[in-house]
Amino acid sequence: MRPTVIGPDLVPVVTDREAAERLPALSVLSVIAHGRSKHAFDVGRAGLYGAASVDGPERVLYNDIVLHHLDAAARVALEPMAINLKQPYEPQIELYRKIFAEEKSKLQDEAMREGKLKGKLEGKLETLSAVLEARGFRLDDALRTRLQSYDAAELDALVVRATQIDNIDDLIQV
11 MRPTVIGPDL VPVVTDREAA ERLPALSVLS VIAHGRSKHA FDVGRAGLYG AASVDGPERV
71 LYNDIVLHHL DAAARVALEP MAINLKQPYE PQIELYRKIF AEEKSKLQDE AMREGKLKGK
131 LEGKLETLSA VLEARGFRLD DALRTRLQSY DAAELDALVV RATQIDNIDD LIQV
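Just so we're aligned, residue 11 is where the sequence shown starts under this note's numbering, counting upward by one.
Treat the hints with caution; some may be incorrect.
[To be verified] Listed next, the in silico DSS-like pairs over lysine-lysine satisfying Cα-Cα at most 30 Å (straight line): (1) K116 / K126; (2) K114 / K128; (3) K48 / K116.
Everything labelled a hint here was simulated from the structure, so no lab data went into it. If you're wondering where the values come from, they're calculated on a predicted model, not measured in any experiment.
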């Protein structure tokens, strides 16, 4: 006896709607194998069409499996299509509900951190601008755009430098 090992390269990339509807189990297997690759959106869409072609508990299971095995961007794009191609998808299996809730929470936390960082940087840029204006200098649009690429520590250093310069051109020493 020799075991056969099936890897992603042996599973076809099913992206055609008609093929997925004809062979829904294969379309779901294709999502499992390729749902985090460059084909994620296309195999996910085909997998959902395949899932929609079956009835009963298999339909719910296939929807859950398809969305679970997609990368985050493809999942977000395809969730509205998941059930009846009309409403946002709600996982039916408790394990997947927990997984999706955790991933959604992580994405929200990341977005919140990014928003706080952006707000902090904008505040530092406003402080720099206020210090410069108090000293009689003005940030032009080109310099303001350049400063937006700086991190928090660099902006802090520029605020200190802004209290010591005699010419706006001395603010950023190249």
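Here is how each hint holds up against the structure:
Restraint check for K116 and K126: satisfied, since their Cα atoms lie roughly 15 Å apart, inside the 30 Å limit. The straight-line distance between the Cα atoms of K114 and K128 is roughly 21 Å, inside the 30 Å bound, and the hint therefore holds. A hinted pair counts as satisfied when its Cα atoms are at most 30 Å apart, and K48 with K116 qualifies at roughly 23 Å.
No hint from the list above goes unmet by this structure.
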